[in-house]
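**Q** Listed below, chain by chain, are the residues.
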Amino acid sequence: MKRMTFTELVDGLSSWGDVFVRTKKGFEKDGNLHKAKSKNSPKEFLLPREEMLFVAYGSGDDMRVMEANPSKKRVVVGALPCDMHGLNVTEKNFLSEPKDPYFAKRKDNTVFVTELCQYATSTCFCRSFGIGPSSKMGDIVYFMLDDENIIAEPLTDRGRELLSWNKYEDAKDEDIRIMEEKLAEAENISQDLSLSIDHKKQREVYGSEVFKEAVFHCLNCGACTFVCPTCYCFDIRDIKRKDFVIRERMWDSCMYFIYSLEASGHNPRKERFKRAQNRVMHKFFYQPLQYGVYGCTGCGRCIDVCPAGYDIRETVLKVQNYLEVKNG
Amino acid sequence: MRKEDVFVKLKDMLERGEIKGVLGFVKTNDPAKKKIYYTENPEEVNIFEITPFNTLNPVTFLLRLKRDNGKIACFLRDCEERALNVLVSEGKIAKDSVYVIHVPCRGALDTLKLKAAYGGDITSLDVQDDKVVVDGSSGRREFAFRDFLPAGCKNCEEYSSHADVIVDGDNTRIHEDYRDIKGFDTKTPEEKWEYFRKEFERCTRCYACRESCPMCYCEQCFVDSYDPLWVEPGLSISDIMGYHLIKMYHMAGRCTNCGACERACPENIPLSLLTTMISERLKRDFNYISGLKSDQKVFLGEFHYEDREEFIR
Ligand code: SF4
Ligand code: SF4
Ligand code: SF4
Ligand code: SF4
Numbered sequence: 001m002k003r004m005t006f007t008e009l010v011d012g013l014s015s016w017g018d019v020f021v022r023t024k025k026g027f028e029k030d031g032n033l034h035k036a037k038s039k040n041s042p043k044e045f046l047l048p049r050e051e052m053l054f055v056a057y058g059s060g061d062d063m064r065v066m067e068a069n070p071s072k073k074r075v076v077v078g079a080l081p082c083d084m085h086g087l088n089v090t091e092k093n094f095l096s097e098p099k100d101p102y103f104a105k106r107k108d109n110t111v112f113v114t115e116l117c118q119y120a121t122s123t124c125f126c127r128s129f130g131i132g133p134s135s136k137m138g139d140i141v142y143f144m145l146d147d148e149n150i151i152a153e154p155l156t157d158r159g160r161e162l163l164s165w166n167k168y169e170d171a172k173d174e175d176i177r178i179m180e181e182k183l184a185e186a187e188n189i190s191q192d193l194s195l196s197i198d199h200k201k202q203r204e205v206y207g208s209e210v211f212k213e214a215v216f217h218c219l220n221c222g223a224c225t226f227v228c229p230t231c232y233c234f235d236i237r238d239i240k241r242k243d244f245v246i247r248e249r250m251w252d253s254c255m256y257f258i259y260s261l262e263a264s265g266h267n268p269r270k271e272r273f274k275r276a277q278n279r280v281m282h283k284f285f286y287q288p289l290q291y292g293v294y295g296c297t298g299c300g301r302c303i304d305v306c307p308a309g310y311d312i313r314e315t316v317l318k319v320q321n322y323l324e325v326k327n328g
Numbered sequence: 001m002r003k004e005d006v007f008v009k010l011k012d013m014l015e016r017g018e019i020k021g022v023l024g025f026v027k028t029n030d031p032a033k034k035k036i037y038y039t040e041n042p043e044e045v046n047i048f049e050i051t052p053f054n055t056l057n058p059v060t061f062l063l064r065l066k067r068d069n070g071k072i073a074c075f076l077r078d079c080e081e082r083a084l085n086v087l088v089s090e091g092k093i094a095k096d097s098v099y100v101i102h103v104p105c106r107g108a109l110d111t112l113k114l115k116a117a118y119g120g121d122i123t124s125l126d127v128q129d130d131k132v133v134v135d136g137s138s139g140r141r142e143f144a145f146r147d148f149l150p151a152g153c154k155n156c157e158e159y160s161s162h163a164d165v166i167v168d169g170d171n172t173r174i175h176e177d178y179r180d181i182k183g184f185d186t187k188t189p190e191e192k193w194e195y196f197r198k199e200f201e202r203c204t205r206c207y208a209c210r211e212s213c214p215m216c217y218c219e220q221c222f223v224d225s226y227d228p229l230w231v232e233p234g235l236s237i238s239d240i241m242g243y244h245l246i247k248m249y250h251m252a253g254r255c256t257n258c259g260a261c262e263r264a265c266p267e268n269i270p271l272s273l274l275t276t277m278i279s280e281r282l283k284r285d286f287n288y289i290s291g292l293k294s295d296q297k298v299f300l301g302e303f304h305y306e307d308r309e310e311f312i313r
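Residue numbers (my numbering), protein chains in the order written: chain A, 1 to 328; chain B, 1 to 313.
Keep in mind that the hints were calculated from the coordinates and are not lab data. Remember, it's a predicted structure, so these values are computed and weren't measured experimentally. Don't be surprised by glycine CBs; every beta carbon is placed ideally from N, CA and C. Mixed in with the good hints there might be a few duds.
Straight line, CA to CA, 16 Å or less: simulated EDC-like cross-link-like pairs of lysine to aspartate or glutamate [as the list claims (entries may be wrong)]:
#	chain 1	residue 1	chain 2	residue 2
1	B	Lys9	B	Asp168
2	B	Lys27	B	Asp5
3	A	Lys274	B	Glu15
4	A	Lys25	B	Glu199
5	A	Lys24	B	Glu267
6	A	Lys270	B	Asp224
7	B	Lys27	A	Asp62
8	A	Lys240	B	Glu232
9	A	Lys35	B	Asp121
10	A	Lys73	A	Asp170
11	B	Lys27	A	Glu314
12	B	Lys71	B	Glu15
13	A	Lys25	B	Glu201
Stretch-level coverage of chain B by chain A, calculated; a stretch enters the list once three of its residues show a Cβ under 8 Å from a Cβ in chain A [claimed, not checked]:
#	segment
14	20-30
15	68-76
16	195-208
Given the sequences, and given the hints that come with them, work out the whole structure.
**A** And the structure:
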């Protein structure tokens with residue numbers, strides 16, 4: 001690893017594209033690094049809250065379509081291992097065939113510089129998902145030694161090309177020692193739930209009393225799904241204006257009544273508990289079955305943001321326990 | 001009645017089948033967050049907590065429980081009991097389906113705001129007079145109790161409870177007689193717009209404010225409709241305001257200013273300022289306070305054949 005200052009890193013990267021730094025709120029342009037988890041994950045860089053897919057105008061034979069081409073080059077600095085893992089999980093949906101062209105373009109145009117995590121809190125449980133505070137991910141990875149000095153290393157070809165790494169001196173043994181100590185502390189705090197869910201038993205828990213009870217206090221507000229790095233549900237709408245139509249894509253949430261409302265008027269998730277249940281089922285059963293990876297990274301953001309005191313860990317452990325007891 | 005005695009009474013009532021279940025708040029792993037819990041088990045009644053950190057309105061959850069075959073006992077503050085009265089007067093909840101346990105309240109704290117202000121893991125917190133003392137990973141810090149109350153809690157209306165049983169405790173609240181609102185009224189419309197625009201820009205339309213509200217019981221909210229499309233989705237300020245202003249219309253004369261919406265808002269938007277404004281106008285111009293009685297006339301649900309306006313008939 002090489003030794004440099006945070007400013008040097010950011011300045012060096014700014015020639016490639018706009019730099020967004022982790023702040024209290026999320027990842028903001030030229031922001032000041034917030035030395036803790038941010039409230040929002042960086043998923044908006046690949047799947048924006050609202051995005052225009054195309055504009056159609058004219059009529060009949062003269063109908064024209066102008067497609068969006070998200071080509072802005074951006075650097076996201078300070079994504080934590082849980083954030084980065086979240087994007088890797090989300091990718092499985094958007095980059096498996098047929099690929100989502102907007103997501104793919106954004107990914108090509110975004111450099112992720114991740115930070116090794118010394119910010120574990122009581123809501124962190126990333127170690128349950130095969131990652132942890134010391135997981136190296138992204139194009140470049142760095143560790144904050146103090147408020148300004150960092151040690152960094154490139155992980156991909158792109159990362160190697162972005163900075164003239166040779167001009168920096170190597171990290172001192174002392175730096176590595178500090179890093180290892182801090183990361184070990186964080187590894188200690190982040191919980192490992194020791195998950196052993198049998199995903200194929202999904203039908204045995206779906207609609208069960210265990211869910212009804214575990215999610216009773218959930219408001220179905222959807223705040224958790226917005227801050228989650230892996231929740232990627234979206235809605236597509238055509239917005240009519242006088243002379244043109246815009247096709248927009250925007251975040252949606254399975255917590256909402258209208259999300260699962262069908263054109264016939266039937267709603268398979270009319271009951272509130274089924275909506276709260278779906279968030280857990282999708283992350284802990286359907287995604288592992290479909291993509292071989294949990295749809296949760298243990299970042300704990302949903303727990304932090306929840307106004308109702310809901311903790312997804314409790315539900316997951318209850319469900320796991322229910323299955324174990326049931327199947328002996 | 002002392003809290004402990006109320007628990008004994010509830011246990012007894014559950015065992016004898018006089019009530020079916022109990023709804024209230026219990027602890028979570030996070031000392032700053034309490035969660036709603038419903039039980040029908042007599043052995044569990046003593047886990048319920050009566051604290052200023054109970055942020056939501058239990059009446060919201062009462063609506064989600066089956067209320068036939070037996071009464072549900074529910075711990076309610078003044079404003080929450082008034083919300084129940086409104087729902088009874090609207091025919092939404094049968095009066096005799098709820099056994100009301102009145103709990104004392106000095107104001108209910110916005111714990112999400114408190115957590116954001118503290119900025120670390122909280123291991124303990126305690127209210128001492130007009131201070132909230134917080135301990136945790138960022139050390140021991142003190143905050144002014146008043147600063148973490150939604151506007152509604154600073155302008156709580158006098159109410160004499162009709163509860164079935166009353167839990168002892170300090171029930172004195174801050175009555176500022178709508179001081180904030182009167183001050184706000186001196187601003188120009190441009191200044192008011194600027195203030196609310198700034199605050200509402202943070203809104204993510206997560207609808208925690210709607211879901212936490214006992215008055216928002218519509219099975220399908222007006223914003224959850226494609227056809228007609230009352231308010232467009234998305235985060236432009238006009239769409240955000242469209243949602244909030246229409247919601248506020250639906251609150252007039254029904255909202256009892258419990259402040260649950262503001263406490264539920266993950267963006268700390270001062271929603272209670274708007275609802276408090278509604279309460280102030282209603283009181284000032286119509287001498288109407290919502291939910292004082294369960295047989296009170298519904299403010300916007302009333303009409304007379306003698307009304308001059310044609311459209312109302
Ligand atoms: S878990 Fe919490 S944040 Fe998520 S929908 Fe339920 S109440 Fe809202
Ligand atoms: S479900 Fe919660 S803990 Fe898991 S990735 Fe999403 S926000 Fe993080
Ligand atoms: S879950 Fe917590 S400990 Fe793990 S990487 Fe994220 S912030 Fe760090
Ligand atoms: S709870 Fe807050 S952020 Fe969510 S919709 Fe209401 S005002 Fe907006």
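**Q** Please go over all the hints and tell whether each is borne out by the structure.
**A** Results for each hint:
1. B:Lys9 x B:Asp168: 14 Å, holds
2. B:Lys27 x B:Asp5: With Cα atoms ~20 Å apart, Lys27 of chain B and Asp5 of chain B exceed 16 Å; violated.
3. A:Lys274 x B:Glu15: Cα-Cα ~31 Å, so violated.
4. A:Lys25 x B:Glu199: 15 Å, holds
5. A:Lys24 x B:Glu267: 12 Å, holds
6. A:Lys270 x B:Asp224: With Cα atoms ~13 Å apart, Lys270 of chain A and Asp224 of chain B stay inside 16 Å; holds.
7. B:Lys27 x A:Asp62: 64 Å, violated
8. A:Lys240 x B:Glu232: Given that 16 Å is the threshold and the Cα spacing comes to 11 Å, the pair holds.
9. A:Lys35 x B:Asp121: 14 Å, holds
10. A:Lys73 x A:Asp170: Not satisfied, since the Cα-Cα distance of roughly 29 Å exceeds 16 Å.
11. B:Lys27 x A:Glu314: Judged against 16 Å, a Cα distance of about 13 Å means the pair holds.
12. B:Lys71 x B:Glu15: 13 Å, holds
13. A:Lys25 x B:Glu201: Holds - the C-alpha atoms of Glu201 of chain B and Lys25 of chain A are around 13 Å apart, at most 16 Å.
14. 20-30: holds (count 3)
15. 68-76: violated (count 0)
16. 195-208: holds (count 4)
Hints 2, 3, 7, 10, 15 from the list above are not met by this structure, while the remaining hints are.
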